[in-house]
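Protein chains: 2
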Amino acid sequence: MKPLHNMRAGVFDSGVGGLSVVKSLLESGLFSEIIYFGDTARVPYGVKDKNTIIRYSLEALEFFKNFDIDIMIAACNSVSAYAIDELQKNSNFPVTGVIHPGVLAVKNKLQDTNSSILILGTKATIKSQKYKFFLEENGFLNSFSIAPSLFVPVVEEGLFSGEVLQSVMKHYFKDIKSDPDAIILGCTHFPLISDAIGKYFPNSTLIHSGDAVVEYLQNEYNLDKKFDKTDMKFFASENPDGLKRVAYEWLNLEKI
Amino acid sequence: MKPLHNMRAGVFDSGVGGLSVVKSLLESGLFSEIIYFGDTARVPYGVKDKNTIIRYSLEALEFFKNFDIDIMIAACNSVSAYAIDELQKNSNFPVTGVIHPGVLAVKNKLQDTNSSILILGTKATIKSQKYKFFLEENGFLNSFSIAPSLFVPVVEEGLFSGEVLQSVMKHYFKDIKSDPDAIILGCTHFPLISDAIGKYFPNSTLIHSGDAVVEYLQNEYNLDKKFDKTDMKFFASENPDGLKRVAYEWLNLEKI
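Same order as they appear, the protein sequences are chains D and V.
Sequential numbering from 1 applies to the first sequence in this note's numbering.
Sequential numbering from 1 applies to the second sequence in this note's numbering.
Among these hints, one or two may not hold up.
Where chains are identical, the list cannot tell them apart; a pair therefore holds if satisfied intra-copy or between any two copies.
Unchecked claim - 16 Å max Cα-Cα, derived EDC-like pairs, lysine to aspartate or glutamate:
no. : residue 1 : residue 2
1   : K107      : E137
2   : K89       : E62
3   : K50       : E238
4   : K127      : D175
5   : K50       : D241
6   : K23       : E157
7   : K225      : E27
8   : K123      : E157
9   : K244      : D195
10  : K199      : D224
11  : K177      : D195
12  : K107      : E62
13  : K170      : E157
14  : K170      : E215
Keep in mind the hints are simulated off the structure, nothing from the lab.
Computed from a prediction, not measured in an experiment: that's the story for all the values here.
In isolation and in its complexed conformation, chain D is listed as follows (with noise of 0.2 Å):
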């Protein structure tokens, strides 16, 4: 793949979620410019079916043509699990979603292909098996997957902790005998109970999409570490301003 000529970023999500992985991207300080697009008329995608995922994509890919971006992010794992292709099809830019990301993210912190690992992520993605399909590209045969509805509704109603949180933890994971070695959030809320994930299963390394897109790209465009600065612009199908309030909660930004 060609590497990218300049650095103006779109970064694609259902909502509020793919904050997670800017924050990431804003720390790396890989790119001149963010555009930030949530599709918070019709979050949450998780529970969507492929083609209206598609659609929705496609709609989105539209909106970043009128902007002069390199590369487009698919912060989304259900958009990652379903319409890379289509998007990819579709544009005269890299699309990369946030899935193969995190199976390189693996490969590269565990090594052994032997390692025991939990895929959490929306019904949508853990539908499509795409996490499984890759790591089973990449040798590792030993997956599991859960789909914790309730974490995504557990996260935006804010409870990080507590007794909530815990009897649904308990729920979904009450079968899982010994810690997996590696667990992927693979959904762009996830990040935000990595705390209680992490003190639920202490002895597993929690792999985070933000932080594996990084990679990638530093990795896949030899892209390297060069704007102390990063100019955000927003965007949403509904309630922009809403958006913008966690942007300014999430990533710490100045007022715009």
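Here the structure of chain D is known, so what remains is to put chain V in place on it, guided by the hints.
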């Protein structure tokens, strides 16, 4: 308002939840035919803003104009809270929501206007203050509201009892010192956990939208229980087969 001339209802909901209202309508025998449209591609509405809810509702109205319906019933509380006036303005058949009927059901069941009333609903419904407003119009000044956002995903996960539901109820209800006289189940999903809510508040009268709508239609339009059988047609903006599967289960329908 003029009485209905025939007995075909269009029932609109953001997803499958409105089937809990259809269940009551089927048992009532008020209609010869019910046409159900669930906007499953864009569910849930309860987190969307007013203008989006109105826009989506008017699109559903256009859909129903393809059928010769006599009345449109918005089973979704968020639609009932924001879009009834717009729907009524743009149609030549009557449109009813579930909020006004719900408040009339409170009035019929409690009489005493000093009764304490807990309104449960989505964020959008509670924010609209429509239940509170109609209750006050009917003399009930002692109401309070909670938006237990996790109830919908907990119901969609099928957790109608057990530890997760208990911890979630405790989270939202922990500050309530004594059983309210009535609890309005102001979201189509909540009747599915009415047993658990009833056990949590054993001295409260629960108000169910479906039963309230049936009572309202009988009183407002002098409708009789005269149809032994109601034909059902199901439409969905995504995955209509999924909607039909849920419908067969919830409504004990023969395969269509």
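Check your understanding: Of the hints given before, which are not true for this structure?
Key -> Hints 4, 6, 9, 10, 11, 12, 14 are the ones this structure does not satisfy, whereas the remaining hints hold.
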